[in-house]
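Trainee: Given the coordinates of chain A, work out where chain B should sit on it, guided by the hints.
Residue strings, one per chain:
There are 2 protein chains.
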Amino acid sequence: MGSLPTEPFLPLDPDRFTKESKAVVDFIADYYRQIELFPVRSQVKPGYLHDRIPNTPPILSEPITTILHDIKTDIFPGLTHWQSPNFYGYYQANASTPGFAGEMLCSGLNVVGFSWIASPAATELETIIMDWMAKMLKLPSTFLSGHLGGGGGVIHGSTCEAVLCTLAAARDNALSKSDGEGITKLTVYVSDQTHFTVQKAAKLVGIPTRNLRVISTSRETGYALTAEIVRAAMDADVAAGMVPLYLCGTVGTTAVGAVDPIREIGEVAREFGVWFHVDAAYAGSAGICPEFRRFFDGVETADSFSLNPHKWLLANMDCCCLWVRCATKLVDSLSTKPEILTNSASEDGKVIDYKDWQVALSRRFRAMKLWIVIRRFGVANLMEHIRSDVEMAKHFERLVAEDERFEVVVPRRFTLVCFKLRYVGEDIDEEEGTKCWEMNKKLLDSVNESGRAFMTHAVVCGQFVLRFALGATLTEIRHVEETWRLVQEKASELLMITNELGWKLKTL
Amino acid sequence: MGSLPTEPFLPLDPDRFTKESKAVVDFIADYYRQIELFPVRSQVKPGYLHDRIPNTPPILSEPITTILHDIKTDIFPGLTHWQSPNFYGYYQANASTPGFAGEMLCSGLNVVGFSWIASPAATELETIIMDWMAKMLKLPSTFLSGHLGGGGGVIHGSTCEAVLCTLAAARDNALSKSDGEGITKLTVYVSDQTHFTVQKAAKLVGIPTRNLRVISTSRETGYALTAEIVRAAMDADVAAGMVPLYLCGTVGTTAVGAVDPIREIGEVAREFGVWFHVDAAYAGSAGICPEFRRFFDGVETADSFSLNPHKWLLANMDCCCLWVRCATKLVDSLSTKPEILTNSASEDGKVIDYKDWQVALSRRFRAMKLWIVIRRFGVANLMEHIRSDVEMAKHFERLVAEDERFEVVVPRRFTLVCFKLRYVGEDIDEEEGTKCWEMNKKLLDSVNESGRAFMTHAVVCGQFVLRFALGATLTEIRHVEETWRLVQEKASELLMITNELGWKLKTL
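Protein chains in written order, with my numbering: chain A, 1 to 508; chain B, 1 to 508.
The shape of chain A in the complex, shown without the other chains:
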């Protein structure tokens, strides 16, 4: 299968680079053109790829055309197509033409800007673009670079990295005030809706799992934390000799899109001297539109704030923006000063070395991507992108509400609609509850097995709900309507069968 051995080994020849890269561009464009033809969720069985790929690597080179052919025949069936307009699972992972251009330039220039001198433009553009983002979101000036308090932004790969770094900074800052033995006393506060990444990060930085306070939320508070319950939890810990360390509030939780009252819980955090992080991974991008800024009210009480433009701001994977109010705390915890990286710019202290703001030494030039996305679209188009997604989600919510077999379980805030088939009547016994769970699970499975759309689920107050997480770049109103017809069709099929069994589910 190898090519003729006469093909010269030219790993980065500009002419061959151009030819092969353009072939890949054409291939990806064709993928987008055909994407609606593929089942959204992969339909393969575990181990499907094992027999399709040789179990040893090739000795001789293979042409790019052969490789692209194999991607089509062997990889495509195993993809769950996150870029499909009918992808409504988990959360959106927006690809876009400018996001892709940014990734190409990042990868093509392939500079590693760990220190300023290692590529000054990578560092300086990141500082400037993080300020742009902060201004687009109307974040308090304390998060801007050059602010007296020493705030600023950095681009990470994921929310987990952002939480890990801020937790480490909070931990080291707290331990520096004690004898350093106190790590087992430190407590972390989240809600049962907070992303599990916070629990993982807390464990990673050495906080004992028993010191994690997972506060229950309820339907009454819209699945959000309240100041009272956070204060009570911290009071109890202080009384027990523990040291409250870190509180994570969320704007737009993953499971149901809930919004914690940032100002109220932030003020409690301040009372207790606790590091307050606001995770707006998904919904944070909505903050560029004035009408959504009320959800971020009180963000000035936060020590750090993060959101992922790779989710909902058209920035392709990966890109997580983190702002901190006091960069010194982050740097004190994460900095390293090996001799091999010593240079006069860093010694003079007039530059940022972003290696000291993140986990790894290496870093990709992600600021390039964010810069291109913002410029190519302009803020007006980005706002339009957010608004049209919200309008489409509202439309879906209306369609659900108009069909009395269904109910919207959690009030929609942004683009996530949590809904389910409902029982007639108010009182449901345990057996009926189980049947309702099973029925909705079956509905989800049948939607996903159709290949025509993909959604995932959440469990809310013991109920199994379908999550319609709108926001894929290519989704248009026709996809939303078609997906709703699909849900209705699958529901009708299921209800016809199950009501013959005497289940009290509503039929039209």
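Mixed in with the good hints there might be a few duds.
Stated by the list, open to error - Output of the computed footprint for chain B on chain A, the stretches with three or more beta carbons under 8 Å from beta carbons of chain B:
| no. | region |
| --- | --- |
| 1 | 32-41 |
| 2 | 70-84 |
| 3 | 116-125 |
| 4 | 157-170 |
| 5 | 374-382 |
Unchecked claim - When the alpha-carbon atoms are kept at most 30 Å apart in a straight line, the in silico DSSO-like pairs for lysine-lysine are as follows:
| no. | chain 1 | residue 1 | chain 2 | residue 2 |
| --- | --- | --- | --- | --- |
| 6 | A | 177 | B | 350 |
| 7 | B | 350 | A | 441 |
| 8 | A | 45 | A | 435 |
| 9 | A | 177 | A | 45 |
Said to hold, decoys possible - Calculated Cβ distances over 10 Å to all of chain B for the following chain A residues:
| no. | residue |
| --- | --- |
| 10 | 140 |
| 11 | 149 |
| 12 | 227 |
| 13 | 231 |
| 14 | 233 |
| 15 | 289 |
| 16 | 301 |
| 17 | 364 |
| 18 | 402 |
| 19 | 405 |
| 20 | 422 |
| 21 | 478 |
| 22 | 498 |
It should be emphasised that the hints constitute simulated quantities derived from the structure, not laboratory data. The C-beta atom is built at its ideal place from N, Cα and C for all residues, glycine as well.
Mentor: Here is chain B on its own, set in the frame of chain A:
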């Protein structure tokens, strides 16, 4: 500056995607064509970009041509050109046509394979390709997937992530045997040559800094650890009531390319029940050639092994391969089971969910890139890539050795040549030592300020040495020779001046 408002907002239209992406490909190809014209190390001053970029984002969209123009005029001067054939700083960051193709496909498909079901191909290809890599390196079968002991590989973004995850696994495994209070007793062993990322990761996972044992190395042992000294350090800790946790051995240290004796120190680690990680971030890629495998002798004693194909295996940033002998320990420490990700494939336990092998939930489809790199080149070409780089480094080493004004300070193992201007005679007093340091620092500065090549430095036994870290994709023998002439030229200029001041540096 914005475009006409009539341009429709089409964030991922296939035709526009094709047109704009191809323009970016042409732009990057031109960059490679012209790359030798740029000063290798950026010559800008801190803050240079501030006045070139508006301090607020544009409201309206801008054309891609404008953006590319600005990259050329505003960003290029601020780049230190890692892809220049005359880049010999830090370590190599290989870009290549197939590596770029892999990044394009990763970014274009933009799937997020955290769980198997989220894109089965992403998970399964990663498992297969990590086995390919293990076979190319002739790693022991215990690191292969499907092995009875439960080994396997995963692709991380950086060595720091690999070390962080294995350290957390080692820590949690150790703490599970104690009362969980013992984190302050755990000790970590590195040498003074080990990458500082291990110290950073140890601090991140909550190991007190005072529990880090940084073992001194010497010229006599080739700047490597020895079994005796490692055993002595662990013995002393056990005697003091501490619990030895983690040892990091290195094949090809960053500063001087030293190689720890893996078998010997690995056996000590086994004696003490310590997690043994082998970091071969840079030099690990050489393991695909039989003649370099002796440096990895004894790797079967390791609990984990990592190397970065984004350094020396043409895989563009970022790509760090980590193998573990017991994946269960990793998963026990890192797994999370949120309801929203529940799915039958994961519950059946027949699939891998790589989110449980890494820090973040999100992950890019990096296996695609590694697969394309290996297939497009073939193993034979990859071996040729390693060998020709080593031959070029040997040539440079010979050139240094032939000029009696210079000396090679550390025996070259792979492609890193550490050298310096030397004093005449054996005995150097402190003042002369300082002069020698200053002279070599001046030499490095003058090479880098010329813009014709870029090297960095290390400090070895109190001596300032220049690091010629060969391995950029585009480097050819002519660049090596030209760079050596540049070094000689700058040295002659310096020596002419300083010998007039009576310094005892050798002149020809």
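Trainee: Which of the numbered hints are not met once you compare them with the structure shown?
Mentor: Per hint list: 6, 9 and 17 violated.
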